[in-house]
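Please model the complete structure; the sequences and the hints are all you need to start from.
In the order they appear, the protein sequences are chains A and B.
Residues 6 to 328 in the working numbering are what the first sequence spells out, letter by letter.
Residues 6 to 328 in the working numbering are what the second sequence spells out, letter by letter.
No lab work stands behind these hints: they were computed from the structure.
Mixed in with the good hints there might be a few duds.
Since the list gives no way to pick one copy over another, a pair counts as held whenever it fits inside one copy or between any two copies.
[Stated by the list, open to error] Pairs of lysine to any residue residues, derived as SDA-like cross-links and limited to a Cα-Cα distance of at most 25 Å, are as follows: (1) 39 to 21; (2) 133 to 123; (3) 39 to 95; (4) 39 to 93; (5) 73 to 153; (6) 73 to 297; (7) 39 to 318; (8) 73 to 296; (9) 65 to 219.
Protein chains: 2
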Amino acid sequence: MNIDEIRAAATRLQGHVRRTPLLSSPFLDEVAGKRVFLKPECLQHTGSFKYRGALNAISKLRNAQRTKGIIAYSSGNHAQGIALAASQANAPSVIVMPSDAPRQKIDNTRALGAEVVLFDRETGDRDKIGAEIASDRGLTLIKPFDNADVIAGQGTIGLEIAEQAREAGVDAASVLVPCGGGGLTSGVALALEANAPGFRVHPVEPEGFDDVARSLVSGRIEQNTRRSGSICDAIITPSPGDLPFPILQKLCGPGLVVSEDDCLRAMAHAFNALKVVIEPGGAVALAAALSQADKVDGSCIIAIASGGNVDAPIFADALNRFA
Amino acid sequence: MNIDEIRAAATRLQGHVRRTPLLSSPFLDEVAGKRVFLKPECLQHTGSFKYRGALNAISKLRNAQRTKGIIAYSSGNHAQGIALAASQANAPSVIVMPSDAPRQKIDNTRALGAEVVLFDRETGDRDKIGAEIASDRGLTLIKPFDNADVIAGQGTIGLEIAEQAREAGVDAASVLVPCGGGGLTSGVALALEANAPGFRVHPVEPEGFDDVARSLVSGRIEQNTRRSGSICDAIITPSPGDLPFPILQKLCGPGLVVSEDDCLRAMAHAFNALKVVIEPGGAVALAAALSQADKVDGSCIIAIASGGNVDAPIFADALNRFA
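Below you can see the structure in the form of structure tokens.
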């Protein structure tokens, strides 16, 4: 993995991917006690950054692979990214999703043209289910983060942040990134290492699912004990990916950890101050910016909001409790 | 008023005003039965397009006027635009607001540094209150829509729409604009007349406050009978402004009218499909796009979302009922 792959992805994605703006509000600066910027990838096509990596990976497949079709597993954001990018390439897609995924994510993945196969997160093995279907039908598996083309696509966000921060007069910042398997975090870190060397990337995770933060401390890939039971479904992965982890070790950290209430409060702040909708897992970085700004260096924080695919009752709950 | 003033405003605002993206979703296209784009000015600084006109008008004042200060009346969006632009110019500001304005709008206007003077919308006369304070303190009044510099600032949205639509391959569209006094609608219409002549602008208003639609039919300025009692507070004005009306007559119409439930439903659709927060008055144009697409020409609609300053209970209500 290197910066050239990310730059090539940016060229490939141009005109297809939305260049999300860099948002800010004096009200958020006041809460954090530092200057805060938000990169709202919730405004990306399909409501999350995952469309970038999915489109880059699908664009690089051979025609024969696209014709046979694509398979992916995902709690819903990679799912929608793959479903949309596949349908745009006239490729059939099958998505293996946990049955407790947010309703909106399951519905939208189907509406974007994918065949959805549900499994039980506690008892089923998505790798086994996916491998069987892939083998039966000759489908190409696109993993959500252990895939260099996916990481390169996500890294294009880092190129945009570097440019937009420069336009805003920012030349040093702590960049906080919602982190599941580490595809987004590692791609952004590679892009910023090349294009904004004054920036330091910190992965952010929810309490109880801090495998990346612990792995960065111990120096080896650590596992989460639980596999479900968080409103931050988008970033609940068992462990950091094999491909992202060495990049995270080299360029990122330490990791930050926030509570679910911190996430709901950040969602309410984003509603009030920025008028964007963020899902709980996508709000961990803003949550850390607003509640733990003193734990990172410098006077400026750039937080990525990785997605906005939240069911209405959870969003209404965030507003009722914290807006 | 002409296009040169709008182009000069764009130059003046560059680097200060956010270039909001042009959003779309296959899910909205499906609801409308046409291609739908949203220009989300809710993502603008202060959460509404009003910052554009306010900044342009304040930039053109003489230093002596800025030093003495600015006065404005507004239910909350022009208020916040003036408050922020004034504070950035180190000018004191006084905003006369109705006491039933949304709490968030009153709070934010104060937080942005303005002195807020409340009046009762049914019994008080904001013009009289404003004129007295202005005269006592030597303040300069910046009207919300009967001001050429304000209209020119709002018109910069039309320049952006023309460019962004061209990038999206759209060369003919019906452009739906939330309309109160007509400042935004007339500015956008002037910009599109010059830069996107295949586009037709339609003002959109809530039921019971359709003064502009009726004025366009009768050919003279009509009044609303009610002055309050709508969740669409942002666009509840007594009648179209003297300066915008001839422009609306020449370039716009017919006007469209939507119900409050149409607005709440559009807010829920924007939450689900685009991840942006729109206030009821800012959602009238999207509401018309989703429910009355057959009433306008062509296969493509561009709707402006003029603001996102909505109190949490109203937004939660929209989600509970329609998401």
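The hints, checked one at a time:
1. 39 to 21: between (34 Å within a copy, 20 Å between copies)
2. 133 to 123: within (13 Å within a copy, 65 Å between copies)
3. 39 to 95: between (46 Å within a copy, 22 Å between copies)
4. 39 to 93: This pair counts as between: shortest inter-copy Cα distance 19 Å, intra-copy 41 Å.
5. 73 to 153: within (21 Å within a copy, 60 Å between copies)
6. 73 to 297: neither (48 Å within a copy, 41 Å between copies)
7. 39 to 318: So residue 39 and residue 318 fail the 25 Å test inside a copy (31 Å) and across (29 Å) alike.
8. 73 to 296: So residue 73 and residue 296 fail the 25 Å test inside a copy (48 Å) and across (39 Å) alike.
9. 65 to 219: neither (34 Å within a copy, 56 Å between copies)
The structure fails to meet hints 6, 7, 8, 9 from the earlier list, while all remaining hints are met.
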